[in-house]
Amino acid sequence: MRTAPRACLAPVRGNLVASNPDREETYWCCLRNALGSFGRNGLVPIAGPSHCDRLLAHRSLRGPPNCSKAALSRERSSSRRGTFQRLTVAMTCGRERTEKAYLAAGRRFHHHTQLMSHAHAGLDTALGTSTVSTSVGSMGSVAGQTRGSERRACMKQLLRGLSCLFIGAVVSSAVAEPAAAHDDANTTRYGIVDTGDNFAPFGTSDDGANGFRVFLSSPRHADSGSRGECMNPGRQENVNGRQWNWMAANGNYFGGVYSPSSHGRNIHGRGYNVRVSRNSKDNGYLDTITNSQNYGSHVHVVTHTNANGGCGNAASYFLAMYRGGHANDQGLAQRFYNNMRNVAPGGENIGTDTTWTGGTLAELGRNAPYGDAYIELAFHTNQPAQSWVYYETDPNSWNYGVAIDEHLGYP
Amino acid sequence: MKKLLATITGGLALGLVGGTAFSVGSDLLRSPSEQARASSGTTFDLESVPGFGRSAIAMARDDQVAAYQAYQREKTVAKCMSAAGFDYAVNLRYPVDALEGLSVATVEADAHLRARAGESASATNARYVGALPAARRDAYYKTLLGESAQDVDFFEKHKGQIPPGRNPDTFATGGCQGRAMTEVGRVWDLRDQLARDWDAVRAQARNSKAVAQATENLTTCAAELGFPGVTGPWSLDEAARTGSVSVETINTVEQRCLPAWQAADLDALKQHEERFVEDHRGELTSQIKRFGGLLEQSRVDLGFAQVVANEIALQGE
Numbered sequence: 001m002r003t004a005p006r007a008c009l010a011p012v013r014g015n016l017v018a019s020n021p022d023r024e025e026t027y028w029c030c031l032r033n034a035l036g037s038f039g040r041n042g043l044v045p046i047a048g049p050s051h052c053d054r055l056l057a058h059r060s061l062r063g064p065p066n067c068s069k070a071a072l073s074r075e076r077s078s079s080r081r082g083t084f085q086r087l088t089v090a091m092t093c094g095r096e097r098t099e100k101a102y103l104a105a106g107r108r109f110h111h112h113t114q115l116m117s118h119a120h121a122g123l124d125t126a127l128g129t130s131t132v133s134t135s136v137g138s139m140g141s142v143a144g145q146t147r148g149s150e151r152r153a154c155m156k157q158l159l160r161g162l163s164c165l166f167i168g169a170v171v172s173s174a175v176a177e178p179a180a181a182h183d184d185a186n187t188t189r190y191g192i193v194d195t196g197d198n199f200a201p202f203g204t205s206d207d208g209a210n211g212f213r214v215f216l217s218s219p220r221h222a223d224s225g226s227r228g229e230c231m232n233p234g235r236q237e238n239v240n241g242r243q244w245n246w247m248a249a250n251g252n253y254f255g256g257v258y259s260p261s262s263h264g265r266n267i268h269g270r271g272y273n274v275r276v277s278r279n280s281k282d283n284g285y286l287d288t289i290t291n292s293q294n295y296g297s298h299v300h301v302v303t304h305t306n307a308n309g310g311c312g313n314a315a316s317y318f319l320a321m322y323r324g325g326h327a328n329d330q331g332l333a334q335r336f337y338n339n340m341r342n343v344a345p346g347g348e349n350i351g352t353d354t355t356w357t358g359g360t361l362a363e364l365g366r367n368a369p370y371g372d373a374y375i376e377l378a379f380h381t382n383q384p385a386q387s388w389v390y391y392e393t394d395p396n397s398w399n400y401g402v403a404i405d406e407h408l409g410y411p
Numbered sequence: 001m002k003k004l005l006a007t008i009t010g011g012l013a014l015g016l017v018g019g020t021a022f023s024v025g026s027d028l029l030r031s032p033s034e035q036a037r038a039s040s041g042t043t044f045d046l047e048s049v050p051g052f053g054r055s056a057i058a059m060a061r062d063d064q065v066a067a068y069q070a071y072q073r074e075k076t077v078a079k080c081m082s083a084a085g086f087d088y089a090v091n092l093r094y095p096v097d098a099l100e101g102l103s104v105a106t107v108e109a110d111a112h113l114r115a116r117a118g119e120s121a122s123a124t125n126a127r128y129v130g131a132l133p134a135a136r137r138d139a140y141y142k143t144l145l146g147e148s149a150q151d152v153d154f155f156e157k158h159k160g161q162i163p164p165g166r167n168p169d170t171f172a173t174g175g176c177q178g179r180a181m182t183e184v185g186r187v188w189d190l191r192d193q194l195a196r197d198w199d200a201v202r203a204q205a206r207n208s209k210a211v212a213q214a215t216e217n218l219t220t221c222a223a224e225l226g227f228p229g230v231t232g233p234w235s236l237d238e239a240a241r242t243g244s245v246s247v248e249t250i251n252t253v254e255q256r257c258l259p260a261w262q263a264a265d266l267d268a269l270k271q272h273e274e275r276f277v278e279d280h281r282g283e284l285t286s287q288i289k290r291f292g293g294l295l296e297q298s299r300v301d302l303g304f305a306q307v308v309a310n311e312i313a314l315q316g317e
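Note that the protein sequences, when read in sequence, are chains A and B. Residues 1 to 411 in my numbering are what the first sequence spells out, letter by letter. Residues 1 to 317 in my numbering are what the second sequence spells out, letter by letter.
This is chain A alone, in the form it adopts within the complex (with noise of 0.2 Å):
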């Protein structure tokens, strides 16, 4: 059985998990899943828990960084760093509230250009000679400060025949790029996460927009990781579903592949507005509801992981449900079963929530125009189940961007 590397759990000086046990992964796996894959220009594509092992044994990584004043001007000054390496660094040797600024940074620019901006900035930060606002994570303020270096710094690349990307204008490539998601909620991909992340089609790996939006809604049991879930490995169900939905809306993988310039690899790159709902701990499933009903979603699709009993139990199988007498629920419900039940764990189940829970489930009364969906992916009471889950979310995840395609009529 896999576990989660070793090196992923080592303890760095200054990360989260230090500071924060709630946290479920280290800071360095945290910082892949905040900053997505990369592109070009000495950044290091992530694709599995393999690259926290990859990027440890980079030179760079190795345990904790030197933060002296004297180490960190020679880390802004150095030109053989690659911005990578100096954004980690800064991460790590600033203060948490750069950390947030710079994660969020990290997710609005998806390009190294001003990604070096804010790890000069964060540095600068950590040397107490910060000449960035505190709003450096802000779009506008940021813009401001550093177009003009952008500008030039893109111009550079450009002469190299390289693609850039900065506020105003996109500038296209003549190799399609690994598209970034517009998200510019400050979220993590694990964890308890209490807003909500929305993404949008954008640059030349993602179909144009086709004007419908999905809802994908997370769990939000009050008592997740109290419901039998395994945990070896595996997370609390307000997780599971979550990072399931996250990866549905903004993955890397296409048929099992990791290929972050296919059009399918998610939902998003299909030509959707996509919403991922928050994950809190709160029961606020009518919450949801109206955040589905006011994002004016097309679909609205439930994830959640099932459960019986405690951990150990056998019963495992993917279950997707509808409102009976619902035609467009059903529909959903069933393209959702195609797609997914040669790929969930155990068996493959469909019916009316009446028919499965004993009960009628408000959200799938959220009624929306074509249709809601409830889906239990597998059982976090069953460990295998749930090792699947955990590992085999990235792979997999990109079948529900085919059954929505398949539901709307590729629109």
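No lab work stands behind these hints: they were computed from the structure. It cannot be assumed that every hint is accurate.
[To be verified] Subject to a maximum C-alpha distance of 30 Å in a straight line, what follows is the list of computed DSSO-like cross-link-like pairs (lysine-lysine):
#1 B:Lys79 / B:Lys289
#2 B:Lys289 / B:Lys270
#3 B:Lys270 / A:Lys281
#4 B:Lys75 / A:Lys281
#5 A:Lys281 / B:Lys157
#6 B:Lys289 / A:Lys281
[What the hints assert, rightly or not] Derived list of chain B stretches under chain A, where covered just means 3 residues or more per stretch with a C-beta under 8 Å from a C-beta of chain A:
#7 46-56
#8 63-77
#9 119-128
#10 186-199
#11 234-240
All residues carry an ideal CB built from backbone N, CA and C; glycine is no exception.
Position chain B relative to chain A; hints supplied.
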């Protein structure tokens, strides 16, 4: 606050929305009177109708209007709850990051600069209702949702399951929230009402001669690359699912062959869209008039800007 006001009333800042630059004066963001004049005589673009946006900028416009309506509904709820003697914090319940491209950028900067602290509206409301004695708590939920505290407790305890014997389509749709939804409505309502008609348009476009020709070209192009039988993007998904063709080959077909088919498909859709607009001219014109005004209003409503700024600030904390 002056900075906020200057930004909002000064119109849209040059910014980036979903990868596309936009600026003040975009056709999609014309004043209601301008849009109404444009729609009165000749055929107008469906994109110009709030709620029917497809492009990034039109989606951003629709997000702004929808979020503003969510705010208006919450203000209505707060007033309704106050009249019944209850406190209620306006809870936007809209993805504020979807508003990034319009007048929110400087709002966000301002929020960061103010370093606003505090809890979210949902936390405030949860804390308030949690502290109420049983009888008041029951009255709170009946006023807010039209449901008893007992039924709300059942609902939460049973993970979103509606209490037995209750109509699932009407549970928690009453009270102040239900009235607010009826009074304010949503920019999406007309879009949802016309969904079936729009589906017919999409089907006609997809079955057009132009798309049929494009499909033949696609099939030929893909076959030349070693991927036979391709008739549309669904063929790529099927191949990926079965493993019948390598992902590399699928990607090559996607990059070299599919774009022409997609362009033809979109052209066909836009041509058939004209008929849809004609068939529903009255409703669509009314939609432009009603929601164009709302868009303008949202740009100068400082209460709305404040709520959005707070939400963004909370996201960053």
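Here is how each hint holds up against the structure:
Between B:Lys79 and B:Lys289, the direct Cα distance comes to roughly 27 Å. Compliance with the 30 Å bound is thereby established for this hinted pair. Taking the CA atoms of B:Lys289 and B:Lys270, the gap is near 22 Å; set against the 30 Å cutoff, the hint holds. With a CA separation close to 45 Å, the supplied pair B:Lys270 and A:Lys281 exceeds the 30 Å bound. For the proposed pair B:Lys75 and A:Lys281, the alpha carbon gap of about 26 Å is at most 30 Å, so the pair holds.
Straight-line distance between C-alpha atoms of A:Lys281 and B:Lys157 comes to about 13 Å, which keeps the hinted pair within the 30 Å bound. With a C-alpha separation of about 42 Å, the suggested pairing of B:Lys289 with A:Lys281 is violated against the 30 Å cut-off. For a cut-off of 8 Å, the count of residues in the region 46-56 of chain B with a CB near a CB of chain A stands at 6, and the three-residue condition holds. Using a Cβ-Cβ cut-off of 8 Å, 4 residues of the region 63-77 of chain B lie near chain A, which meets the minimum of three, so the contact claim holds.
For the region 119-128 of chain B, the proposed coverage by chain A is satisfied: 3 residues have a C-beta within less than 8 Å of a C-beta in that chain, meeting the threshold of three. For the region 186-199 of chain B, the proposed coverage by chain A is satisfied: 7 residues have a C-beta within less than 8 Å of a C-beta in that chain, meeting the threshold of three. Counting residues of the region 234-240 of chain B whose CB falls under 8 Å from any CB of chain A gives 5; the rule of at least 3 is met.
Hint compliance for this structure: hints 3 and 6 are not met, and every other hint is.
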